[in-house]
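Enquirer: Top line first, the protein sequences correspond to chains E and S. All residue numbers for the first sequence refer to UniProt numbering, where the first residue is 1 and numbers rise by one. All residue numbers for the second sequence refer to UniProt numbering, where the first residue is 1 and numbers rise by one.
FYI, nobody ran anything at the bench for these hints, they're computed from the structure. The C-beta atom is built at its ideal place from N, Cα and C for all residues, glycine as well. Where hints are given, some of them may not hold.
Some but not every residue of chain S turned toward chain E, in silico, with C-beta under 8 angstroms [what the hints assert, rightly or not]:
hint : residue
1    : L103
2    : G272
3    : A340
Pairwise CB distance ranges, derived in the manner of DEER restraints [what the hints assert, rightly or not]:
hint : chain 1 : residue 1 : chain 2 : residue 2 : range
4    : S       : H135      : E       : D283      : 20 to 30 angstroms
5    : E       : G359      : S       : E69       : 20 to 30 angstroms
6    : S       : A321      : E       : E398      : 52 to 62 angstroms
Covered stretches of chain E, as calculated for chain S (at least 3 residues, CB under 8 angstroms) [to be verified]:
hint : stretch
7    : 16-24
8    : 275-287
9    : 328-342
10   : 348-357
11   : 371-382
Each chain is listed here by its residues.
2 protein chains.
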Amino acid sequence: MTENDTFAFDPEGNAASALGFSAVGVHAGFRADPERLDMALVVADEPCAAAATFTTNVFCAAPVRVSREHLNEGGAGSPAYGCARAVVVNSGIANAATGEIGLENARKTAELVGVAVGCPADEVLVASTGVIGQHLRLAPFAEGVPAALAAMATAADDLAGRTSQGLTAARAIMTTDTCPKHGSVSFSGDGIGYPGVTFTVGGMCKGAGMIMPNMATMIAVITTDVPIAAPDLSQALTAAVNKSFNKVTVDSDTSTNDTCFALASGAAAPDGPAFTPGTPAFDAFQRALDQLATTLARKMAADGEGATRLITVTVRGAATADDADAAARTVANSPLVKTAVYGHDANWGRVAAALGRSGARFNQEDVDIDILGLPVCRAGLVVDFDEEEALRRFEEPEVAIEVDLHAGEESATMWTCDFSHEYVTINGDYRS
Amino acid sequence: MTENDTFAFDPEGNAASALGFSAVGVHAGFRADPERLDMALVVADEPCAAAATFTTNVFCAAPVRVSREHLNEGGAGSPAYGCARAVVVNSGIANAATGEIGLENARKTAELVGVAVGCPADEVLVASTGVIGQHLRLAPFAEGVPAALAAMATAADDLAGRTSQGLTAARAIMTTDTCPKHGSVSFSGDGIGYPGVTFTVGGMCKGAGMIMPNMATMIAVITTDVPIAAPDLSQALTAAVNKSFNKVTVDSDTSTNDTCFALASGAAAPDGPAFTPGTPAFDAFQRALDQLATTLARKMAADGEGATRLITVTVRGAATADDADAAARTVANSPLVKTAVYGHDANWGRVAAALGRSGARFNQEDVDIDILGLPVCRAGLVVDFDEEEALRRFEEPEVAIEVDLHAGEESATMWTCDFSHEYVTINGDYRS
Chain E
1 MTENDTFAFD PEGNAASALG FSAVGVHAGF RADPERLDMA LVVADEPCAA AATFTTNVFC
61 AAPVRVSREH LNEGGAGSPA YGCARAVVVN SGIANAATGE IGLENARKTA ELVGVAVGCP
121 ADEVLVASTG VIGQHLRLAP FAEGVPAALA AMATAADDLA GRTSQGLTAA RAIMTTDTCP
181 KHGSVSFSGD GIGYPGVTFT VGGMCKGAGM IMPNMATMIA VITTDVPIAA PDLSQALTAA
241 VNKSFNKVTV DSDTSTNDTC FALASGAAAP DGPAFTPGTP AFDAFQRALD QLATTLARKM
301 AADGEGATRL ITVTVRGAAT ADDADAAART VANSPLVKTA VYGHDANWGR VAAALGRSGA
361 RFNQEDVDID ILGLPVCRAG LVVDFDEEEA LRRFEEPEVA IEVDLHAGEE SATMWTCDFS
421 HEYVTINGDY RS
Chain S
1 MTENDTFAFD PEGNAASALG FSAVGVHAGF RADPERLDMA LVVADEPCAA AATFTTNVFC
61 AAPVRVSREH LNEGGAGSPA YGCARAVVVN SGIANAATGE IGLENARKTA ELVGVAVGCP
121 ADEVLVASTG VIGQHLRLAP FAEGVPAALA AMATAADDLA GRTSQGLTAA RAIMTTDTCP
181 KHGSVSFSGD GIGYPGVTFT VGGMCKGAGM IMPNMATMIA VITTDVPIAA PDLSQALTAA
241 VNKSFNKVTV DSDTSTNDTC FALASGAAAP DGPAFTPGTP AFDAFQRALD QLATTLARKM
301 AADGEGATRL ITVTVRGAAT ADDADAAART VANSPLVKTA VYGHDANWGR VAAALGRSGA
361 RFNQEDVDID ILGLPVCRAG LVVDFDEEEA LRRFEEPEVA IEVDLHAGEE SATMWTCDFS
421 HEYVTINGDY RS
């Protein structure tokens, strides 16, 4: 994707940047530390088109089930879309492995928020992240939701104030994340049928480890003010997630709670017409959504537990798209590749070994590998390279591993992070 | 498998325990340290039936290609068997990613050993383990092979002396292994058609990390004195490897050099008849071979790089054998499960998450999980357990994770080890 003056990325953007949305984070009481924000509420001024993608893990948490119902998902993996007015996310407790009581608590959460906001319960989407096996308490919502709505009221007519508040929402969904992750992309309606209008796609996400017990799961909330019908929003979201969040791996686990919501208010062009697939407007929206989702996904990978480096694995020249994906994913998941990057070791042999077991079809005599822009393997054979120069390049925050299998035309990119002593400390010392 | 008095395991057994074989390790010069053994030679008194299984990695090393040729393998994954007189293994250099020169060096190694032993080059099997991308030097073989043969001559007529020498071979193939891995199983010919005869299956292996740059790959050499034709030996070996070495994962990598050789001299019953599938004799041999291979595989898993605990993952109640294998393998490969064991954390949520993304079909409401014999999850829900008792049980060297999916009748067991700070140190600090 090339940059274009009509697309502007704002690193301060968030789920309240698009017209028609408020977002606030509060300390509701899921966590003991009163300084720690632990509940985010996103509310649309009016009912919105909504869509989502969810974890494919068989062990899925109660809020995932309830949000799937509210978005009329036909079954795991099928499109999920409908109408929504609010999204509530708590951190601290995942409400996973909680059985019928968990489902009931997730439903009661939606009811409680619906009553407070003034919408039906099935227009409320819910997500949770934190420790599994513990039951979600409702009392914190009973305190936190009114507090969040009161805060929103103070900035109701002030877009800058709303955006500023939105930053607190991004902090409230963090678990082992070391920084909040948010942003927005704006683009002009000129030339795509909406002269003089500026459209915005904003959002927030959390990631880090990827899994229990702290449920360092992926949760993203994206909002936009484009006018679009829910099925078309679902199509755009699924495409964007496949290019971004689904290309991130921190420790090869997909979590029980992974969720990405998108809400579209249409408030930037309330008189429409709606963006529809195949039009320049839809293409522009897809591009903005892709850019935002990719930016958030890279932030997630770079902030993996204990990470010191973002690793970008690109495989080109694969026979099929599935081969490209399998090859890039296997390299990105290899503990040996990840520890080598941690050790600043341009160890292409570990990359080669991962490629070789990935299932992708190629001949070892054809493979080229570059690490940090240095050719380290050509035609399957070792290439002498300047180790001093490699060590210098390892000082950069991002490490590029580039592979050409010379077996076809397909390519894929995955993002991950290195594997550090700190990762073992975080995940080995969590409870004991 | 239940124990039986006619099957005796000897922890001091090795590749020289069966009648008709010598095995010796020497310092040939692949490594700089003159104290470090770095070449193992196994020689049969007469040409033997031989079989092997090899890595499925697309990047396979030159010695793997040459040994495949010598055992007439029709293609990766098809049966490999034939006739062999000797096996030579060097540690220190893997001869992987070395192109045509590497193939030539592997062939010259076989020729050199053949001339010294007095057999055709294609009756010599070769394996290498160590750094990749470096060319194998032949000079160490030119010194080491005669030295090994001279040592063997001193114990030619002395089985106890041969067996004692065999221990040096097990040490010579080590890379990051912290201990040599070997053993033998003997069984009586009484009741299976060979009254008064004792048969022995012995062997050695090396494992540890699993991969480059130190090629901590899996190499095993098994010898036996049963009379058996090469195709039948291949069948038995493939079955044993699938139950043992193929159920071990240290860091989810299969290496470029993974190799398991088996040689059968028939020397315990030189007048035959040969063991054939479907007979009690063949079943007894299979059982002994399975026991030896499983014991060696467990030693390999327990000695994974940086390991502090052996982890045994057993999945029962799977709908299919593939589901059972996928579920057990995904749990065993999960860095989060492995760091939890390192942290002595009976964290069944991470086990559940791995099961959920394994592709195995089950309902989360049906799943039971025990860790170290303690029920920690029943019907997909958390079970209160005595955390103090769990911590006490984590002091044991082996950690059992047992799952029942209640989705069918199939089961699978995998072995792995925990993921420690030391693993990151070994693999992150290897070269830089």
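Enquirer: Each hint: holds or not?
Expert: Structure-based check of all given hints:
no. : hint                                  : in the structure
1   : L103                                  : violated, 11 angstroms
2   : G272                                  : violated, 41 angstroms
3   : A340                                  : holds, 7 angstroms
4   : S:H135 <-> E:D283: 20 to 30 angstroms : violated, 53 angstroms
5   : E:G359 <-> S:E69: 20 to 30 angstroms  : holds, 25 angstroms
6   : S:A321 <-> E:E398: 52 to 62 angstroms : violated, 42 angstroms
7   : 16-24                                 : violated (count 0)
8   : 275-287                               : violated (count 0)
9   : 328-342                               : holds (count 7)
10  : 348-357                               : holds (count 8)
11  : 371-382                               : holds (count 5)
Checked against the numbered hints above, the structure violates hints 1, 2, 4, 6, 7 and 8; every other hint is satisfied.
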